[in-house]
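Visitor: Next come the chains, spelled out residue by residue.
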Amino acid sequence: MDAQLLISGVIFGLSIGGIFFLMAIGLSLCFGLMRIISLDQLLYYSIGAYITYSFSLATGSVWLGVLAGCVVAGIVAFAVERLIFRRIYERELTFSMITSFGILIGGIGVIKYFWGVVPRPVSVPTMTQFDIAGTEVPVYRLIVVAIAFLVYAGIWLFLNRTIIGKAIRAGIEDVEHVEGLGINVSRLFTITFIIAGTLSGLAGGLHAPLIMVDPQMGLEVLAFVFMVVIIGGLGSIKGTLVSAFIVGQVVSLGSILYAPLAQMAPFAIMLVILLIKPTGLYGSALLKR
Amino acid sequence: MVKVFRWWWGILLAFSLLAVSRVFLPLPFINEIVIFSIYTLGCSFLLGRVGLISFGQPAYLAVGAYATAFYLFYFGTNPYIGILLGVLAGLVVSFIVGPLFVRLRSDYFALVNLALAVIVFYLMQKVLAGITHGDNGLWILTRISSTPVLDLSRPDQFFIFALLVALAVWAFYKYLDDSIYGACCLATKINEDKLKFLGYSNYSVRLLAFVIANTTTALAGAMYAVYLGFVSPEITSPARAADPVIVTILGGVGTLYGPIVGAFAYTGMKDVISKLIGNWELFIGFLLVFIMLAGEKGIWGTLQPLLEKLLFRKRVTTGTADSEEAHL
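So the sequence lines, in the order shown, correspond to chains A and B.
Position in the first sequence counted from 1, then plus 62, gives you the working numbering.
Position in the second sequence counted from 1, then plus 16, gives you the working numbering.
Bound-form chain B, shown alone (with noise of 0.2 Å):
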């Protein structure tokens, strides 16, 4: 009992904390977040466990939000098969490209993934305009029909919905984390012979965790879709291409947490920031470049040692991806 309550208190603890922060934040602000820690996650796990940076998460992201809206516009009024549509899609899309791309090294993975989209983006934006309807997008909104249980089309039971979502996710992720499949992630990030010598295959993990991570982003999209009512190409439009690279960067890489804290800090400063200035780039650049100087842990990755301090007076390793690296 007490060994099931230590694996799971951290993510009650964080959810809490989400839960909370509702009654003090504004209803979309925190919506906003849960949607975008949820993308975020997926680049966080590739860029921080599998090594893998990929400058074309908005690509996967609109596919997710693109099946969405089909299904809602197009066929049926069921969010929730709506958003099951959505990930299957991602699904199938990481599993047509990602034979082809993982095999890549790694700068050449980053800007592929970049022209995968910009392909998507003027795919939906030109080219298929007609299913589509371009720059206009897709409407959605109105043809969510209300379900008895958790009526996605209202802010309020949504945001129930998307927290219970991303709880799944992170136990799932926290699961992959302990797993031994886990640690060959790792592995293939710090030492590729070492776990071709062990008799694994760096190919198949890479494969796997690729398809795991663009699948929760297509669900991120799947969660955008349903929640703003209006998919536009404007989600994978190359100019927004970075944005979860930085709050990956920004919370903490690699680290389970720090999507969430890397999301709510880069959406609250784009608000607090974009009022006061009205120039939120300059900021945000150069915090960027301030972390990568520090020490390129995060916020929530400069954190995590001082409170696991101040919580249990423990003695302070030096950082979480060092210490998993030593265990290897």
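The shape of chain A in the complex, shown without the other chains (with noise of 0.2 Å):
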């Protein structure tokens, strides 16, 4: 393999990480703190995507596409968790796993009605290449690997500087305890989904340009993201960072080496690494609350 093609599949494989990593955090911040799996995630990332091909028509601007993108997934997340999600706290993990399928698969329909089944292609922003060892490599992919460690260093920054933050780490241990202490633990879970889902949309914005954005582009990426999810061990946001570049590589190393590989292999990793430590690599025994 020529240092060429490793360097490019490299990059590719940083920012593939970068989107799996922006919409499985969501889904692990969800679960641990609301002990829910919230499948609709996939949905706000299509809806970004959508919004920020609908904006980027009307405006000319991708960049501003993709900030209206996360502000309706952000939205509609809000509003599907006040009319939803409010209900199904307390029952049990398989109930909001079906529940939130329902939703996604909703909301693809809602999709196709406003929008068509067509594929529907995105411009890239910046077009320039940045020459790395002797290699051309799109700046707009290095743009996404950045805009994801910034949203990690973000969500750090948050969770350890703010008193909103320190409450939701707190909640994520003990949700009981955190409400004893007067906290509204009602409206800490509407801003955690809020959060989960902005940066699904905000995945999804970033994803159309490389991709062709169609309805079913959610259900796509669904095995991937849970696999990061699972692989990093839900509720870990590390876990979730470390696992979500390992299976980018994997997936972009393992198409150059034999292109049925690119879907196979990371899901092999995963039963394996489920099958030595079941709670992923650095996910603590969360137990049903």
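Simulated from the structure, these hints should not be mistaken for laboratory data.
Keep in mind that this is a model prediction, so the values were computed, not measured.
Cβ coordinates follow ideal geometry from the N, Cα and C atoms, glycine included.
Hints are supplied without guarantee of correctness; some may be wrong.
Stretches of chain A that chain B covers, calculated by requiring three or more beta carbons in the stretch to come under 8 Å of a beta carbon on chain B [what the hints assert, rightly or not]:
#, segment
1, 146-155
2, 171-181
3, 194-200
4, 335-344
Straight line, CA to CA, 30 Å or less: simulated BS3-like cross-link-like pairs of lysine-lysine [claimed, not checked]:
#, chain 1, residue 1, chain 2, residue 2
5, A, Lys339, B, Lys212
6, B, Lys19, A, Lys174
7, A, Lys300, A, Lys228
8, B, Lys190, A, Lys339
9, B, Lys190, B, Lys19
10, B, Lys190, B, Lys212
11, B, Lys210, A, Lys174
12, B, Lys210, B, Lys190
13, B, Lys190, B, Lys291
14, A, Lys339, A, Lys300
15, A, Lys174, A, Lys339
16, B, Lys190, B, Lys325
Given two chains presented individually in distinct reference frames, assemble the corresponding complex, making use of the accompanying hints.
Guide: Listed below in structure tokens is the structure:
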């Protein structure tokens, strides 16, 4: 394998990993705090991508579109949390899994209604290439990686340096005690859900220029996102970051070696990791409350 | 005699209704329903009786379908042997993966199964493309030989066969529900510690349930293969992974007749709605959310107490699952 292919493969893997991270962080936070498996994060991802498409057509700027995608995804997440999740926090885990899958399928139907089934292209905001050791690398992919790390830093600061973030972290440990301290847990849940939805929307907006935007895009990445969350350990943010980049690299380098490997290798890795350490790399033995 | 009749009458009634509906419903539709309800029964048993949710049922469906298709494509022509081989393959595969999977917690169990479905999909589509012909699939319709009794290459006779198989499968599951083993399954769902205290092993109860359910799923796969005369990786595609779960919920979790009602409603709605507005996901998705919020009893779970009240003037209990949980 020559160096050029390797370098572009690694960069490709990093950018894919960054997008997986942005999506998986929502799932991970929701599981950690509310003990729900929120498959509908993938709907906010598609919404983010579609709003990016429409906005970039209307205004001519993809970055503005990504911003609008984040906002709309956050608003939809807020509505869904208020209308549906509010009623099911107390139920068992499989319950939220099935309900959120229903929301995902229904949401795909709504997207089909508004935008049709034809895949839509989104133009790449910057076509400039960056030179790394003689290999031309698209700058946009580097920007995606940078944004992923910025978000990680932001989340870290938010969880460690603000009162709400500290309350969320405490809630992940023991939600009843947090409630006992007089903190409004239900508002905490809403805030976490909106953050998760917004980040999923951001992931969709950033991913849109790299792929075609189509209604099934959420289902296509579903398995990968899950894998990221599981390998990293449900509820762990650091684990999510590490495993997102592992999965990104495996997908990208695997496809250079042997094309079918790209889809299969991550699943094989996940099976092995689960069988050795059933809670994932960084997951603690979290039990259902 | 009365006792025997009382045990059988529900199943017989359900299947005579299915047989009668053959008269006024198109044959492909009703065949699809019978196979689909066998497919769903495995998932319904796992979810409702043992409390294991699996998003990877298509993996086992594909195992059954491909085993049958391989036999019919490369070796023989007798469809009965093909179906038998499909069931055997399902049994073997679930015995291999079962011990690894049933140890996991229920949420991880769902996802590991999904992973297995994806692996099987790419295995069949790309890696084994030399044998499976990749996306083109295996066409076995012309290779199925006709047999003197119940010629499976003819859809109308296939319907009789499918109905008989379904009848046998339902009788088996009803027997399981009534047995001590069925009670153990419910107990492992509701209270693991108590079952352990009583001297049963949670692990072996779950393993057996896993094997039974997935062998049933493989049987459905084998029947799909013979009925359609065509197998492609499409049957295990990840996008369809949630179909049996949706149908299970739709029909009523853990109820005996839920899968039939659910398969009927799901296939029917898919047909009607995709003709009307061409956008059935929207409807199915929100229906699923609605059923979950309205108390997750499903169509049959809601109908059953009403029917019993109507037929026997029985005092209505709060639902099947609750009353059986009370027995424990």
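Visitor: Determine for every hint whether it applies to the structure shown.
Guide: Hints, verified against the model:
1. 146-155: It holds: at least three residues are needed, and the segment 146-155 of chain A offers 4 whose Cβ sits within less than 8 Å of chain B.
2. 171-181: Since three or more residues must qualify, the claim that chain B covers the segment 171-181 of chain A holds, with 4 doing so at under 8 Å.
3. 194-200: Not satisfied, violated; 0 residues make the cut.
4. 335-344: holds (count 3)
5. A:Lys339 - B:Lys212: holds (24 Å)
6. B:Lys19 - A:Lys174: violated (54 Å)
7. A:Lys300 - A:Lys228: OK: A:Lys300 and A:Lys228 at ~16 Å, within 30 Å.
8. B:Lys190 - A:Lys339: This hinted pair is violated, its Cα atoms lying about 38 Å apart.
9. B:Lys190 - B:Lys19: holds (15 Å)
10. B:Lys190 - B:Lys212: Since the Cα atoms of B:Lys190 and B:Lys212 sit roughly 25 Å apart, the hinted pair holds (cutoff 30 Å).
11. B:Lys210 - A:Lys174: violated (49 Å)
12. B:Lys210 - B:Lys190: Holds, because 24 Å separates the two Cα atoms, which is no more than 30 Å.
13. B:Lys190 - B:Lys291: violated (36 Å)
14. A:Lys339 - A:Lys300: holds (17 Å)
15. A:Lys174 - A:Lys339: This hinted pair is violated, its Cα atoms lying about 40 Å apart.
16. B:Lys190 - B:Lys325: With a Cα-Cα distance of about 21 Å, the restraint between B:Lys190 and B:Lys325 holds, given a limit of 30 Å.
Violated hints, listed in ascending order, are 3, 6, 8, 11, 13, 15; each of the other numbered hints is respected by the structure.
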